[in-house]
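Residue numbers (this note's numbering), protein chains in the order written: chain A, 6 to 365; chain B, 7 to 347.
Since the hints were made in silico from the structure, they are not lab data. For clarity, every value in this text was computed on a predicted model and none was experimentally measured. Incorrect hints may have been included.
Straight-line alpha carbon distances no greater than 27 Å define the calculated DSSO-like cross-link-like pairs of lysine-lysine that follow [stated by the list, open to error]:
{"#": "1", "chain 1": "A", "residue 1": "89", "chain 2": "A", "residue 2": "130"}
{"#": "2", "chain 1": "A", "residue 1": "140", "chain 2": "A", "residue 2": "223"}
{"#": "3", "chain 1": "B", "residue 1": "253", "chain 2": "A", "residue 2": "189"}
{"#": "4", "chain 1": "A", "residue 1": "189", "chain 2": "B", "residue 2": "52"}
{"#": "5", "chain 1": "A", "residue 1": "223", "chain 2": "A", "residue 2": "89"}
{"#": "6", "chain 1": "A", "residue 1": "130", "chain 2": "A", "residue 2": "140"}
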Amino acid sequence: MSSRTSSQPRQGIAGFLLRRQGRKRATTADLITYLYLVLGTVIMFGPVVWLVMSSFKPIEGLYDFPPTFLPLRRETAVVPGYDKPLELYDVTVEDGSVRRLAQVNRIGLEARMVDPANPDAAPIKVNINTREPVKSVHFSLTNYTDAVERYPFWVYLRNTVVVTLAATLVTLLINSMAAFGLSKYRYAGRDAIFLVMIATLMVPVTVIMVPAFLVIAKVGWVNNLWGLIIPSAATPTGVFLLRQYMLTIPDELLESARIDGASEWRIFSQIVLPLAAPALAVLTIFSVMWRWNDFLWPLIVVSKSELFTLQVGLNAFQGELNVQWNYILAMTVLTLIPISIIFAVLQKYITTGIATTGMK
Amino acid sequence: MTTPSAGSSATRVKTRPNDLPLRLYNGLMSLGDVVFVPLQKLLGFKNMGYVFVLPNLLVFGVFILLPMLLNFYFGFTSGDSILLENRTWVGTDNLSRILQCSNYADITTCREDLFWRGMMNTAIFVVGQVGIMVLIALITALALNRPIWGRGFFRSVFFYPVLLSPVVVALIWEWILQDQYGLLNALLNGIGLKPIAFLLEANWARFWVILVSVWSQMGFFTLILLAGLQSIPPELYEAAALDGAAKWSGFRFITLPLLMPTMVVVLVLALIRAVQVFDVVYVLTNGGPGTATLYLVQYIYRTGFEHRQYGLAAAASIILAVVLMVLTIGQLRLGRESDAA
Numbered sequence: 006m007s008s009r010t011s012s013q014p015r016q017g018i019a020g021f022l023l024r025r026q027g028r029k030r031a032t033t034a035d036l037i038t039y040l041y042l043v044l045g046t047v048i049m050f051g052p053v054v055w056l057v058m059s060s061f062k063p064i065e066g067l068y069d070f071p072p073t074f075l076p077l078r079r080e081t082a083v084v085p086g087y088d089k090p091l092e093l094y095d096v097t098v099e100d101g102s103v104r105r106l107a108q109v110n111r112i113g114l115e116a117r118m119v120d121p122a123n124p125d126a127a128p129i130k131v132n133i134n135t136r137e138p139v140k141s142v143h144f145s146l147t148n149y150t151d152a153v154e155r156y157p158f159w160v161y162l163r164n165t166v167v168v169t170l171a172a173t174l175v176t177l178l179i180n181s182m183a184a185f186g187l188s189k190y191r192y193a194g195r196d197a198i199f200l201v202m203i204a205t206l207m208v209p210v211t212v213i214m215v216p217a218f219l220v221i222a223k224v225g226w227v228n229n230l231w232g233l234i235i236p237s238a239a240t241p242t243g244v245f246l247l248r249q250y251m252l253t254i255p256d257e258l259l260e261s262a263r264i265d266g267a268s269e270w271r272i273f274s275q276i277v278l279p280l281a282a283p284a285l286a287v288l289t290i291f292s293v294m295w296r297w298n299d300f301l302w303p304l305i306v307v308s309k310s311e312l313f314t315l316q317v318g319l320n321a322f323q324g325e326l327n328v329q330w331n332y333i334l335a336m337t338v339l340t341l342i343p344i345s346i347i348f349a350v351l352q353k354y355i356t357t358g359i360a361t362t363g364m365k
Numbered sequence: 007m008t009t010p011s012a013g014s015s016a017t018r019v020k021t022r023p024n025d026l027p028l029r030l031y032n033g034l035m036s037l038g039d040v041v042f043v044p045l046q047k048l049l050g051f052k053n054m055g056y057v058f059v060l061p062n063l064l065v066f067g068v069f070i071l072l073p074m075l076l077n078f079y080f081g082f083t084s085g086d087s088i089l090l091e092n093r094t095w096v097g098t099d100n101l102s103r104i105l106q107c108s109n110y111a112d113i114t115t116c117r118e119d120l121f122w123r124g125m126m127n128t129a130i131f132v133v134g135q136v137g138i139m140v141l142i143a144l145i146t147a148l149a150l151n152r153p154i155w156g157r158g159f160f161r162s163v164f165f166y167p168v169l170l171s172p173v174v175v176a177l178i179w180e181w182i183l184q185d186q187y188g189l190l191n192a193l194l195n196g197i198g199l200k201p202i203a204f205l206l207e208a209n210w211a212r213f214w215v216i217l218v219s220v221w222s223q224m225g226f227f228t229l230i231l232l233a234g235l236q237s238i239p240p241e242l243y244e245a246a247a248l249d250g251a252a253k254w255s256g257f258r259f260i261t262l263p264l265l266m267p268t269m270v271v272v273l274v275l276a277l278i279r280a281v282q283v284f285d286v287v288y289v290l291t292n293g294g295p296g297t298a299t300l301y302l303v304q305y306i307y308r309t310g311f312e313h314r315q316y317g318l319a320a321a322a323s324i325i326l327a328v329v330l331m332v333l334t335i336g337q338l339r340l341g342r343e344s345d346a347a
């Protein structure tokens with residue numbers, strides 16, 4: 006007790022930041038924890054922030070060295086008597102003062118500058134080492150507009166959205182039907198089916214790439230969006246998750262509905278599915294994530310550029326001989342926006358969903 | 007709404023937003039009646055279980071189970087055609103070609119030295135990545151388990167990269183690691199060091215591939231470890247404190263042993279995932295420089311889809327499957343032991 010009464014509550018911002026549950030004073034361990042977490046935040050978030058910042062830089066700013074955090078733009082001024090806007094520089098003149106001048110042209114180490122306020126005066130000759138370009142913060146959208154214009158971004162986006170939505174719908178439907186069939190009926194072979202499905206959880210696509218491609222080819226789904234939608238829909242993880250959830254729905258509920266004359270499909274669609282909504286929500290989030298981020302499978306199935314998903318398309322740009330980072334940065338940001346929004350809105354469900362199911 | 011019958015209109019307004027989705031759902035679901043009601047009449051309700059399982063089973067069988075079985079056939083045949091009828095049976099030739107070396111101490115003497123290089127690289131990657139990642143994830147989980155302000159925020163921050171696609175992750179880091187204009191080299195330059203071509207020097211490339219994959223996956227394992235930590239009853243620590251135990255011994259004798267089952271799950275999941283490392287590396291380095299970051303799955307991908315040696319690729323993936331199986335069985339064993347302990 007004595008320790009609690011002797012510790013004075015701290016004042017101000019530090020007191021607020023260091024306040025703990027239970028109103029005890031922050032310990033050294035707390036400080037170290039904060040230090041670690043803040044450093045961690047910089048490392049985990051920093052790269053993404055850097056990407057976003059870079060994507061707003063005009064192409065000449067992209068290759069500035071050392072790079073700046075904020076996107077900068079060269080300032081220009083329209084000076085009467087000159088057709089084009091002239092670049093502004095801060096020039097240290099001989100008496101040591103700094104004047105803001107516009108550059109008319111540059112020959113070797115000398116630049117001819119003119120005072121924008123006094124354009125009629127003869128241009129001054131200045132050594133280029135005594136001047137600094139004037140820059141201001143400017144978030145340029147040209148990378149985005151150019152990238153969208155130059156590359157079939159909308160096509161990739163459309164393909165990705167179509168695949169993500171269709172695959173998620175199919176996944177939800179057939180996984181929940183299977184989970185229902187595996188949890189609410191007794192029949193020969195039921196447990197065997199379940200076991201085989203669960204066993205293949207351990208077998209990743211990477212192991213069956215070659216024969217899976219053959220099967221896709223035989224079905225005729227090479228270079229076809231169906232080849233991206235259907236094969237990935239029968240996720241054993243989804244069946245497992247939904248089955249475990251449906252096991253908790255009491256059978257008596259189904260029995261009484263049967264006595265009332267409901268068909269099995271009615272029971273499934275009107276009783277079991279609504280009750281399994283939380284598990285369906287988790288599976289929906291996961292399925293959207295899986296399909297949006299899928300890379301290896303589309304890489305194998307689709308080789309025509311008009312059928313590329315965003316991930317495959319992005320990979321194709323960076324594989325080009327002359328990597329055009331200004332476009333790639335903008336496209337990468339556009340690709341990660343939807344997932345980031347979903348995360349921002351549903352982060353609580355996602356993190357608890359993963360913590361309880363242990364799947365990703 | 008300013009209708010005179012306020013009571014009834016209020017309830018109607020309340021239900022209206024849900025009305026359309028509900029009607030849509032019911033409408034779509036009644037389409038199922040068309041198929042399922044006659045089927046139920048035909049088969050009886052007890053056999054409807056088969057009907058419900060069928061669509062999923064069909065897709066599963068054709069696209070997962072069948073390829074798994076076919077993989078064995080590919081592994082024991084050769085030829086550059088993917089069509090089964092054009093392939094010739096060669097027995098275990100593919101496997102022995104992969105495994106044959108004239109001197110096992112020197113992988114350059116192996117017939118498929120690329121496979122062995124991939125194996126070696128994968129082994130180094132797995133040890134480095136899993137070791138670093140589980141350690142950092144554990145520290146982070148312990149930090150997030152403390153009663154501090156902003157826990158939810160920090161938890162989300164550490165988890166966020168998990169959601170990014172491998173391509174996006176690779177591009178973010180490729181941009182930072184650029185040798186000429188990259189952020190990291192600018193920082194090095196700032197403290198007076200020379201720029202390093204991080205992705206063009208073998209050891210640096212190996213190092214960064216490990217760090218990038220730790221960065222992108224750590225949050226997932228942190229969450230699982232955090233869930234494990236939170237399931238430890240706080241009364242245990244209170245009892246230990248009453249008995250005069252030091253904080254460190256609380257960690258040593260309560261936290262660590264009780265976290266062991268979660269730790270085993272995390273380790274094995276991380277191992278299984280690390281063995282299959284592919285997509286981030288494929289974009290980041292494409293196996294380079296040279297073969298410095300060529301891993302097992304990329305060897306399979308290259309052999310199968312770039313060199314069209316389907317037999318070799320399938321044989322290599324059988325070996326990969328065996329490795330994964332051993333790891334999974336190891337998990338079950340370890341899990342049982344730590345449960346018993």
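Status of each hint after checking the structure:
{"no.": "1", "hint": "A:89 / A:130", "verdict": "20 Å, holds"}
{"no.": "2", "hint": "A:140 / A:223", "verdict": "59 Å, violated"}
{"no.": "3", "hint": "B:253 / A:189", "verdict": "49 Å, violated"}
{"no.": "4", "hint": "A:189 / B:52", "verdict": "10 Å, holds"}
{"no.": "5", "hint": "A:223 / A:89", "verdict": "62 Å, violated"}
{"no.": "6", "hint": "A:130 / A:140", "verdict": "22 Å, holds"}
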